[in-house]
Every structure is written in structure tokens, then in C-alpha cells.
Amino acid sequence: MLFPMPHELPKSYEPGAIEKRWAEYWIEEKLFSTPTPAEGETRPVFTLLLPPPNVTGSLHMGHMFEQTQMDIIVRWHRMRGFLTLWIPGTDHAGIATQLMVERQLATEGKKRAEMGREKFVERVWEWKREYGGRILGQMKRLGASVDWDREYFTMDENLSRAVREVFVRLYEEGLIYRAKYIVNWCPRCETAISDLEVKHEEVAGKLWEIRYPVIGTPGNKQEFITVATTRPETMLGDTAIAVNVKDERYKHLHGKKVLLPLMNREIPIITDELAQPEFGTGAVKVTPAHDPNDFQAGLRHNLLQIDLMDEHAVMNANAGPYAGLDRYVARRRVLADLAAGNFLVGEKEHTLALGKCDRCGTVVEPRLSTQWFIKIKPLADRAVKAVESGEITIVPENYRTIYLNWMRNIHDWCISRQLWWGHRIPAWHCACGEIIVAREAPAKCAKCGGGELKQDTDVLDTWFSSGLLPFTTLGWPEKTRDLEVFYPNALMITGFDILFFWLARMIMFGCHFMQGHEQNAAVKSASGDSAAKNDSVPFRHVYIHMLVRDADRQKMSKTKGNVVDPLDVIQRFGTDATRFTLAAMAAPGTDVAFNESRTEGYRAFANKIWNAARFMFMNVERVAPGLRPRGTGSEIRRYTSTGDASKGVPGFTTSTLEDRWVLSRFNRTANDVNDALQTFRFHEAANKIYDFFWGEFCDWYLELIKSRLNTEGEAAKIACANLVSLFEAALRLLHPVMPFITEEIWHAMYDGKPPSQSIALAAYPQADEAQISLAAESDMAILQDLIVSIRNLRAELKVEPKEKVPAQLFAADSSVRALMQENQTAIERLANVEGFQFSEASLSKLPSTRSTARFDVHVIYEKKIDAAAECERLKKELEKIENGIVSGQKQLTNQGFLAKAPANVVENIRRQQQELAILKEKALSKMKELGC
RNA sequence: GGGCGGUUAGCUCAGUUGGUUAGAGCGUCUCGCUUACACCGAGAAGGCCGCAGGUUCGAGUCCUGCACUGCCCACCA
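So in my numbering, spot 81 of the first sequence is number 90, and the numbers just go up one at a time.
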């Protein structure tokens, strides 16, 4: 590995080559591999599971957003001395992958059905081997600090074994059952899907009213009962008409029968709460095989279930003359025939929520079929408690309520899928009807002894296996050392879109299967978790991130063509700049509108850092060749524990105001950044670092020390050493957000001989209270004020930029005067003035003057200030001042305010009033002088 | 039908428990290639914080209503 020598750093930052080199280095050196810890491990532990992307996926901005946040958190923990484990992997994604391969087959003119199951599955594996690693490859380019040695695939043998184990145990506990039930069926995917996989879409539809002749009407007048339906074709399978028992209109029809039109079948009129008098006609057709409500009613009344459709939603023999017709063709035909028979009596516009398959968009058909289900209530109860009790915390908090509401109203989970790609259900059917659920294929039937056992053809819902990952990736069902140390995971970071799909399932499974689990006590206490905390939960904290949208806040989608390819953005601006963009916009609970102009700005930030580094190296070579960062920050070895070693800026000596100031600012920033990361305020962390690095370190500190660096002798050496120390610490502070550029410069600072293999293994800066100085900060604020005032005057006087001008100063008190005198060189340099004298009296009347409550500064220049413009400016300023005075007076004369406001607030306003009074007077006198 | 969020500078967004004169980036305008950086520096302009009430000594921040706008959940034919 070659590191560029400092003097070879190119003038502008070129991320491409640098990032690729480090990404490879981190992997080759296995820097982020976390082997199973030996006995006696006492370091705090941080475990995080990467939400596995689908094998079919390719990296999109959402992945990068999620991974950036995770990587920041992970690197931050690692640098703070946590034994950090971040496990990557991919999901076999049942339907998605099967569809992908089916499409590929179609281009070859082949069909899944013709190939047969075995060959098809083998083909999917081939596909997986060829393309499945793509997204992980892309992740590697992002530099995600995952443990690649632990990479998994949800259909790996060990994970599959765990899936079978879970299935069998749940079955044995009576929590898995097989039943004929009405489920959501996708006619295109030819499989059952869960409630969650159905997306409801509001569409303008119709509500048709059909009248059914009542049999045995007294007299010769035929009586009808009218029902309304949005799916008229299902009437072919009606097996009853329901009315409400309280509905007076139909009292006389209880117990009677109607003749089902078109089918000429007699069906009963029943009374059931299914029919609500307020809705429509109050009478409802009952089709137990094609509607979940009707299905329930059917069970209550022991009605016949007539299944009208096959797996493709084509009418079957039960539909009589309509057999062989597609459901929608049948609908039109039924309507026409009903109309012809004078049974269709109404047609109304009606908006309905149409259920569509999440995967392919086909309208879902409620279908009667035999499926495997999980009896969810017992699992959900525990999952509710885990969050209610705070065993698991959720950020942002509003998702807690959403989670709880869902979990409390949960329905049994249909886990079987009629697919070929996935974990096959470990159940074997015997010709005698017996079903044997077992971990391995049984040799013979337990009931009849027959040897002709066939494994169930269904596979499990993909989320069944991914719901187990928090413990199966750590070796469950074996009682492993990994589980003992790394379970529960510390954190789960994921999107709100899979809150129910995945997160909820992990919590249910984790709490159930890890019941009684205890994390290693030493590790647990080192990690900061009290002994009382329950360890069965899959993770202790959840952070839900939002969606990445395009610059116009539109959802990114392939069909809209507004998808931003992260690799393309990276190519143009660098990974660090892209990461920074995402981090800076990642306010909890808010979607990110990804705007390239921001990334452009953060590329400039990277360039700024780069050039600050060049500046540093230049000075080191000139002033103190061979100088390396000193102090404890450079002595951090792999996996240190947090402690004093990481406090403040090691090796920094304060001899001047700017030293004390910058040190204070750095520590305050470190403090704020740590706080922000603790609560997932990524944007705040990023912005704090940005402001410090650019606005304080570069804009002020570097400028201020230039004069010292340019002197001969000891002062320059100290300034140089400080610069190096501070820069090194700042790099560590920035590293989690911008891992590449910080790694590059950090290594360069050590001239290729760094104290540890990576800055990622150095200590994260912690604030040192002793290095925070309010006095330095307020003194510096005065200086900055003064310098800006002078620059301002120069601009207004249109002083030639190169021309140095003298200035006259008035300081309201001696300490300010001393401050200015001590920093005369700095002021002269930064404000481009040449010499200044002090006046004993206020200068506020003089025309080219700026005033604050503490000082007046007058620039001596032959050109006159533009009086009209200056008056305009003063007028505005005065207005502001007076507004301030009025509102302040109002408060200070308000008894309620004086009585109730905290003392410091009152004090602040008093002081402000004094300053405003001075400012007002100064402004007025000047305006008078100018004749405004 | 329920629930949740958003509305702050031309644009994209910050603004933790209510507390001085509401911030940033981009864009705009004026200067400047001052030997780290033009992916830069200096300066400036730009805001009835969606509307209307209320609570409070004090509201961008809390409450109510309204408007617009997203999102999630839902078996009402």
C-alpha cells in the first residue's frame, strides 16, 4: 500500500482513486471483522444487523442513505471502543427473485412449469451465484464497515436449518396451523400473499344492485330482495342472502328462500350482523368462497362454499355457463345476462379500495385455499409488551404508537406461498392423510407406517426467515458464544416501509425464541445496560429512517425516470460528499429531498479540508520537518476502551487567544456531535462539524495563525504543532461521516507510519470540559466583530482591496482595549488595515465608522462614504434597535414577566437594553452628523 | 372511514424540553486569482415562520379550528 507523500498532494481533492484504494484496503486487512470474542470479554458491545437487501436488487439511494446512517453509527461506536459487529447479508426475496428468473426464462422461450421444480430452483441458484452478489459489491465501494467474514444469505444451509427448527417448534407449540381459509390471492403470481402484501388503491368503480326473486311470496305478486355488489360475478357463488335481524323491512322474509338468478339455485335468507341496515338496501349477498366477511358469515351459518375460480382467476366448472371465462369477462357477461333477465335494477358510481398485489400490481382475489398460518396473538402480546415497557425504544417516537396499534390489531399470518423459490415447508403428507411436521424428512408415516411421504409443495413467506435474523445470524439454535455476547443487537436501523413486514416480525420471533436468554453479564454492564433489562428482545433500540426523494420531493421510481443512481453521484462528487449530503439532510422523521446542489457544496467541503491539509503540510515541511501528531490521540490501538485518551485535543498547547478559542470550539463541537449522534440527529452532527471545520477552523484559526507561522523560531513551531494536533483530532471527529478523505489525510500526516492501521481504529474525540473557555469565546467574538466591521467599512468606502488603511479605535473599557492591543497583528492582517490608534472619546459621530456597544471603529480614508446609502443603512439599523428597545421595555415594565421569568433571562434583557441604548445614541448622533 | 406528518428567505431545508434581534446551503448582487483552496475569499440584499383564534410575563415552538399537501392503516357489500 502506497501513501502519497504530503508534498505530493494534488491541488484539488480527487476522490475517485483514493476512495477505491481505501475501500479495498479496509476489506483486505479485515479491519472490520469481528471474530467471536474469547471468554472474559469485558468491552462494551455494539451489534447491528444490516437489513438484507434483496439478491435481485441493485444499489439505490435508499440503500445508500440507510447504510450511511448505519456506518456513521457503527464507526462512531467502534472509535469509542465498543466491540462492534455489523453483519451484512442478502435476502432470497421469494416472489421477486422467482419473477426475475421467470422473465429471464421467458426470453429463452422457456417456462417454469415445463422445467419442473428441481430444475427451476437450480436455475435460480445459478442466477443467484451470478448476479446475487452485485449489491454487496456496490456496498463495498461505499466503504460500509461491515464484517464481510460474516456475510450470509437467507437460504444458507445453517439459516435454513434454523428456519425449519422455528417452524417445527411453533407447530409443536400449537402456534402454527394449517387451514382452509380465505386468503389474498394473486392470480398472476399464483400464490397466496399476506395482508401486508396487498396495497389498497382508491379507484372509481361501480356498485350494482341486483334483485333476487323471493320464493313463495303470498298472492300473485312476485317479491324481490335487492342487494348491492361491486363484484357481480361472485353472485354465481352466492349461498345465502343476509339481512339484519333488527331490520323491520325484512322481518317477514326471515326463513324464506330466494332463487339465485342465472344459476337457478335456491338459497336461504339468513339473519346476520353482516348486513347493516344503514348501508345500501340493508340486504347483502353472501359468497363464502370469495369474500372474507362472507366467509365468516358462512361459517356461522354453516353455508356451502362455492369456489368459482381457479388459480388464475378464471371461472371454473362451478360457474356453470361462465366456466373458462376470465373474471372480468365473466363480470360483463353476468351483468348483461342479469340485465336481460331484468334482475339488474341499479348501477351507481362508487369509489372502492381495490386490493392489488404489492409485487406485480395485479388485482388480488380473495380465495378459499388451504394454507399454513401462524396463530399470532400470543406472539404479538409479548411484542406489544416489549415496546410498551421500554425494553425496546423506537425513534422517532410516533412510530411507537403506529407499531403498537398495528400489533394490537394483528390478524393471523398466512406464511405459506405457492412458490418454488424459498424455504420449503418442513411438512410431509402421507397418502393416508396424515401430515408430519419434522426437522428432517421422516422415513415413514407415523400413523399408517407408509413410506410414500411427499413434502409439502409450499414455501415460506420470505419475511418468515428474515424475521429470525437477529439470532440466526449469531448461530441459533446452537447456544453459541456469539449469541451470549452479541445478542440482543444494540440497534436496528430501518425504513418505515418495512416496519410491519420485518421489524414487527423480528420482535415477535426474537421475544419468543430467545425467551430466557441472558447476555453475558460483564459485556452487558460494560455496554451500559442495567442487569434488569430483558435480553430476549432482538434489539434494544430502533431507529426508523425516512424516504429519499428526488430534488422535487417526488418519490423516486423507475417509471417516472427520476431515480438518482448513487454510484453515478459518487462518481461525480465522491462518496464522502454524497454521504455528507445524506447525513446533513437526515433529520429524524423527515424525508430527504436529495438535491445534487447540496452534494456539490459538500464536495467543495471535502476540497476545503484537502486544501487545509495541504496548507498544514506545507508549513510542517517548512517550519518543522518530520513533525507528526503527538499525544494520546495517536497512540490508540485497535479496540481501545473509551477514556481520557480520547478527550480533547492531545498535544495542543495554548499560548494565544486563537489557540484557547479554537480549542474551546473544538471541544464544544465534539460535545455537540456526540450528543447529536446519541439521539440519531445526523444532520446536526454533520452540520456542527461542517461549521467548525470551515467556519471556525479554516476561516478564522488558519488565518489567525498565519502570522505566527511566518515568524522564525519557537512560536512558529508551537503553532505548527498545534495545527497538526488539532487537525488530527478534527479528522477523527469527521471520520464517521467522511471516512475516505479523513483516512487519506490521517495516514499522510503520519507519513505512512500511522499508530494504528486506520483512523477508524483511533479514538473518537470526547469533550474535555477543561478545554472549554467562555472567556476565550467571548473575547474572540469581539475581535471577529471588529474585523468584520472594518471589512464592512472598507467595502462601503470602496477602498482598493490591496490598499491598507489606518483605523482609529475607541474601546468602551480597558479590557477590550487590551484585547485589541494584544491582537493588533491579527486584526491588521485579517482586516487589511495598517496601524490603528486608540481614541479616548467615542468615534460614533464620524462618518466612516461602525459602532457596537463595546467599541467604535473608524476607517481613515480620503474617500467619503456614500452619505445617502449610509443614512439608509442607519435608518434600518435604528429601526431594529428601537424595536428591540420597545419590546425590551415592554417586558421589563411587565410585573408578570419580572415575577415569573427566570433570572438569567431578565438579566440578559437588561444587559441588552443597556447595549441597545448605547447603540441608539451612537446611531442617532451619527445620523445627525450626516444630516440624514 | 380512522391515524400520522408537512406548510419558515427565490429554491432545498434546519430550528431538542416555549426565553434576547429566526439560521444554513444553493441561487442573486458588489468586490477580489491577498502564495491552502476560484470546488476560494470579503461584503450585501432577501422572511406578517400557511390562515384565524387561544394559553402564557413571553409562541416559529404548546392548544383549538380552517386551508392546502403528502403518507400509512382499514373486510363495510
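Simulated from the structure, these hints should not be mistaken for laboratory data.
Each hint should be verified, as a subset may be incorrect.
Taking lysine-lysine and the DSS-like style, the derived pairs with C-alpha atoms no more than 25 Å apart in a straight line are [to be verified]:
1) Lys39 / Lys215
2) Lys357 / Lys120
3) Lys208 / Lys384
4) Lys215 / Lys394
5) Lys208 / Lys715
6) Lys39 / Lys365
7) Lys909 / Lys899
8) Lys394 / Lys567
9) Lys29 / Lys39
10) Lys873 / Lys813
11) Lys365 / Lys208
12) Lys726 / Lys762
13) Lys453 / Lys463
14) Lys488 / Lys365
15) Lys884 / Lys873
16) Lys567 / Lys137
17) Lys149 / Lys365
18) Lys215 / Lys29
19) Lys463 / Lys617
20) Lys215 / Lys357
21) Lys20 / Lys189
22) Lys726 / Lys813
23) Lys189 / Lys215
24) Lys885 / Lys872
25) Lys929 / Lys884
26) Lys885 / Lys873
27) Lys265 / Lys255
28) Lys811 / Lys884
29) Lys854 / Lys889
Pair ranges (Cβ atoms, derived) [what the hints assert, rightly or not]:
30) Gly761 / Val572: 36 to 44 Å
31) Glu812 / Glu37: 52 to 60 Å
32) Gln285 / Val572: 43 to 51 Å
33) Arg448 / Lys265: 50 to 58 Å
34) Gln563 / Ile869: 52 to 60 Å
35) Gly355 / Asn311: 27 to 35 Å
36) Asp684 / Thr599: 35 to 43 Å
37) Asp684 / Gly761: 28 to 36 Å
38) Arg637 / Ala926: 49 to 57 Å
For glycine and all other residues, C-beta sits at the position ideal for the given N, C-alpha and C.
Hints, one by one, checked against the model:
no. : hint                        : result
1   : Lys39 / Lys215              : violated (62 Å)
2   : Lys357 / Lys120             : violated (43 Å)
3   : Lys208 / Lys384             : holds (23 Å)
4   : Lys215 / Lys394             : violated (44 Å)
5   : Lys208 / Lys715             : violated (63 Å)
6   : Lys39 / Lys365              : violated (45 Å)
7   : Lys909 / Lys899             : holds (15 Å)
8   : Lys394 / Lys567             : violated (40 Å)
9   : Lys29 / Lys39               : holds (16 Å)
10  : Lys873 / Lys813             : holds (16 Å)
11  : Lys365 / Lys208             : holds (5 Å)
12  : Lys726 / Lys762             : holds (22 Å)
13  : Lys453 / Lys463             : holds (10 Å)
14  : Lys488 / Lys365             : violated (42 Å)
15  : Lys884 / Lys873             : holds (19 Å)
16  : Lys567 / Lys137             : holds (23 Å)
17  : Lys149 / Lys365             : violated (36 Å)
18  : Lys215 / Lys29              : violated (58 Å)
19  : Lys463 / Lys617             : violated (67 Å)
20  : Lys215 / Lys357             : holds (5 Å)
21  : Lys20 / Lys189              : violated (71 Å)
22  : Lys726 / Lys813             : violated (29 Å)
23  : Lys189 / Lys215             : violated (31 Å)
24  : Lys885 / Lys872             : holds (23 Å)
25  : Lys929 / Lys884             : holds (11 Å)
26  : Lys885 / Lys873             : holds (20 Å)
27  : Lys265 / Lys255             : holds (16 Å)
28  : Lys811 / Lys884             : violated (31 Å)
29  : Lys854 / Lys889             : holds (19 Å)
30  : Gly761 / Val572: 36 to 44 Å : holds (41 Å)
31  : Glu812 / Glu37: 52 to 60 Å  : holds (57 Å)
32  : Gln285 / Val572: 43 to 51 Å : holds (46 Å)
33  : Arg448 / Lys265: 50 to 58 Å : holds (55 Å)
34  : Gln563 / Ile869: 52 to 60 Å : holds (57 Å)
35  : Gly355 / Asn311: 27 to 35 Å : holds (31 Å)
36  : Asp684 / Thr599: 35 to 43 Å : violated (19 Å)
37  : Asp684 / Gly761: 28 to 36 Å : holds (35 Å)
38  : Arg637 / Ala926: 49 to 57 Å : holds (54 Å)
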